[in-house]
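Enquirer: The lines below spell out each chain.
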Amino acid sequence: MSKEIIKIEDLKREFTMGTETVHALRGISFSIKEGEFVTIMGSSGSGKSTLLNILGCLDQPTAGIYEIDNVCVKELSRNELATIRNEKIGFIFQSYNLLARTSALENVELPLLYNSKVSTGERRERAIKALEMVGLGDRMDHTPSQLSGGQQQRVAIARSLVNNPVMILADEATGNLDTRTSYEIMSLFQDLNKKGITITFVTHEPDIATFSNRTIVLKDGNIIQDYKNHKVQSAADELAKLPKEDH
Amino acid sequence: MRLLNLIKIAFKAIVLNKMRTLLTMLGIIIGVASVIAMLAIGEGSKESIRTTISAMGSNMITIQPGADNRGPARGSGGDVQTLTLKNYEAIKEKATLLSYVTPVVNGGGQVINGSNNWPSTLYGVNPDYLKIKVVDLQSGSMFTDAEVQSASKVALIGQTVVDNIFPDGQDPVGQMIRFNNIPFKVIGVLEEKGENTFGQDQDDVVIAPYTTVQKRILAIDYLNQVMASAISEDDAPAAVTQVTEILRSQHKLTEYEDDDFTVRSMEELISTFSSTSEMLTILLVAVASISLLIGGIGIMNIMYVSVKERTKEIGLRMAVGAKGADILMQFLIEAILISITGGLLGVMLGLGATVFIEKFLNWPTSVALYSIVISFAVCAVTGIFFGWYPAKKAAALDPITALRYE
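Going line by line, the protein sequences match chains A and B. Start counting the first sequence at 9; every next residue gets the next number (this note's numbering). Start counting the second sequence at 280; every next residue gets the next number (this note's numbering).
Same shape as in the complex, but just chain B (with noise of 0.2 Å):
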């Protein structure tokens, strides 16, 4: 009842100062309207990140040659030719945790079928690596075992290849193809998978089988890359450890001496895009969250001057009964309240920025119910904490000199 009476005659306060409330308001607004953007694209791209790589295949494990060149720039894994044959051999014997492993060996060159020629990249795999990378076929079939031993020239394609090689629509499985020269008969065409977070197109490939790639396209004996796939996804990181010790056995490397050599799991991947984004996120969310912190001055000010343009009002209502409570609550009730309704506002404008970023800019966004929750609650507090000093003066003003002041 009191508190319902406190509540309405802040609420008169407002009322008969529109303007200035809003302009107010504007600080706490703008505020939280960027706190909930921002998040919302900070979000947005970490799930765009992560629904990309669980496409690609969570349970996938990379081992590459090289030390660990995510940080300050190092030399490229692929350079390094300490990774074998024999190592992967080993790791497909030893890694109980793995359920499918594959070399993998890959080169650049032109795809050329009759006049039309496409510059591409050609991966040397074995038939697990469809497992692995979680690629169905759109038609024909992959190649077998039997065709990796005898190194035959046959070949998959994606669907970026198939649309620049047989432009006039033309079934491609059966048709023969060069890569870099050497033709290749074209045994079937990869489910069309689009592009990745990073941009990079997924269908402009050409598999064939390592051994093939290894001795006929590229004349070398190393590996460029094995990939493999743990049991499941909650095994991935025993499996790297796995992997660790077999690769640093197979490499005699003493306990201290440091890993040539990189295993990550795709969380791991994912947790280092995602670490980048993270950091933009905090970024930005400090940014917003200043502008909030400037929005609580602004109400701490014209809370203050309120408070002093009131006084006589103040000493009026003491007069007639009101306790220091009373006025406390009061200023701070309009306090909450400015904050508040520019609260709201800051989060309907959010929302709207976040879907205009969506529409317009094409940047994937995200709204977590977090961030609106967080971002309501910081503006009731900052209500509160901004609106208590100018609240708390009102209140101790001693009545008989309130009811004098001019």
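Extracted from the complex, chain A is given alone in its bound form (with noise of 0.2 Å):
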């Protein structure tokens, strides 16, 4: 029996707006368990954004329960907001995000400057082993504009790692990218899972959903749809699948 990570109950998220409420989530329950891969989809406005946001720890639920790691994260302030974000969560998104003028390497290691247990070699270290798991041993000098944007991408998912987080929060992570990389960065994803790394995918592209083991739909602030994907597919054999580029 694998140890839950997530843990929802009947959460809800209202906003203000002037006088109106806006629900964008109505209620909705489900748990992750360590190890697992879930894509969150819905198309905009089904309140996805929202649901990554109180995922994320950015974000706190108007009621309901939210767990993370047996953490109650209701109740916690702004600075105790951080620190979870900062030991439990390992967050990647569509644009990025990396320093500019910032060699990799320092890139990967920015969320363990934030943590004071971290002596300097160890965090060195920690991000050379983390670049050197998706693929870039051989990069980590080079600054964002010198490295591709499946290559950039790889050095966030090294940023989320570095931290060893309990899970991986992916916002639409292969939204800038072209097919073939995107699929590279999914056989990435997979292999990362495949050793026991929780991840939780939000996109709204349905074929990305495929190389995961469980999709969870939202619409209207409500999860319509919670299933297990019992065929999934590879990322490396669709990329192997694609046409040979000629150049």
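These are computed hints drawn from the structure, not numbers from a lab.
Covered stretches of chain B (in silico footprint by chain A; criterion: 3 or more residues with CB under 8 Å from a CB of chain A, positions within the stretch not fixed):
(1) 286 to 295
(2) 601 to 609
(3) 674 to 685
Straight-line alpha carbon distances no greater than 30 Å define the calculated DSS-like cross-link-like pairs of lysine-lysine that follow:
(4) B:K287 with A:K137
(5) B:K591 with A:K227
(6) B:K671 with A:K125
(7) B:K587 with A:K96
(8) A:K125 with B:K672
(9) A:K137 with B:K591
(10) B:K672 with B:K291
(11) A:K96 with B:K291
Glycine residues also receive a C-beta, built at the ideal position from the N, C-alpha and C atoms.
Could you use the hints to bring the two separately framed chains together as a complex?
Expert: Next up, the structure:
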């Protein structure tokens, strides 16, 4: 029986816009177990982004329970949320969000800079290991402008791995990439997942969901589907099937 | 550890924007440099006044006829004839805090030796004069009390007078000279003292017994001045009071009447001259401080731009675990680093400017350590003060909004 990483019960999030109350999430419940690869799907306005913000501890629910790694997030202060983000979550963004004119290695080191328990030596060591894990061991000194989109996203993935999070949270991580590169990135995610890393992937592209082993579909603030994917496609195989480019 | 990381982050941000940082620093650099240079000039002139005046004898007390003529213009004290020999004698007799007293009468005229002549000032004094003015003799001797009594036509001359009327290097002692056609025998030469702070040549003098000058040259019975010397520098203020009381009773002044004479110690003289230069210093420093303030506003401006420009970066840092305090410190440290580096460069530039002023303009300067410490401290405070608001703004950003910021 694997451990529950995420536990959500009757989660609600409301925004007050002037006199009107917008119900972004209308009481949803689900949990994510260690080692799962979950995609959260939904069209725009479905509450996907709100859920992502709450999952990432950037925002707090109005009502209901959200626990990450057995910590109840609802009552935490701004600073405590920052610590949770620092220690338990690895973020990956659509637009990579790397620091410009800063080497790949330093970009990867970033989360550890805010963790006083990690020494300078250990920080460097862990960043190098994370970069090697995503296959960029030879690009450590390159700045984002010297890297391709796919490589930049790999650096971002390394950055999300460096603090040994309980979950990686990816927000449209392949949205800015071409098909070939996004398959490469998905294949990397699958490899990481096989090593036991829990991944939550927010996307609106249905074909991305076929690479994960569970899909949650949101609509108008409710979960309309939550199903296990029994025939997970291998992104590496899909990549091999793509026609060879001749350049 | 954590602070060190933040300093590293801030340092990197500065290095990545070298040109912008340098331009931002410029205000601070100029501000600090001008504060230091201005204070050095002010301090230097004050010091040189002080040294000149104490070289003139720091215990010295001068008594002049006429009311205090400092401040708004009044009549020249020299024209008033209220100071008499009787007053001098009373002071000499009753003032216990004075060690030396001399009457002073003076007048200008031509000093002539053969075909050489030179315009100079003749001072009629008694032998105490040398002690009061702290002047030594280069050769010859001072006249005696007996020579004063008999109004002898003897004189001592300063080096400038010697140079002008004895141009061929002849020993003046024993020679006859004429002052306004009255013959004097030169009995001594005064030691060279050079110019004082006010540009007055202290060697352009002729000294003779006051009796001789009063009777034979000026034909007056009053005194232009009385000079005295207090027992010690500390006794000078008390001596001033004592002399004032003696003169008030001499002049029969009622308690409602103001003094019709002025008694001044050197300390007062120093403060009179210093207050002028102090005023100027304050003015200069005020101007310099304004440029420091403008420098500070420049820092605030650039920090504000920097926060705006890096909103997304701030969002990312927050997403990966930076707390509000971390962001605040990062930007505050950046502002402080800019202002302190600017301060450091400013101190160097200020010192350089001071050396330049001293060397090429020949103005006396003196760099006070406190001016460096103060301007440096002001810089750090400027950094904190003007960096605080933008840093606070950055720290208060909502990570979600910041991440989405384009």
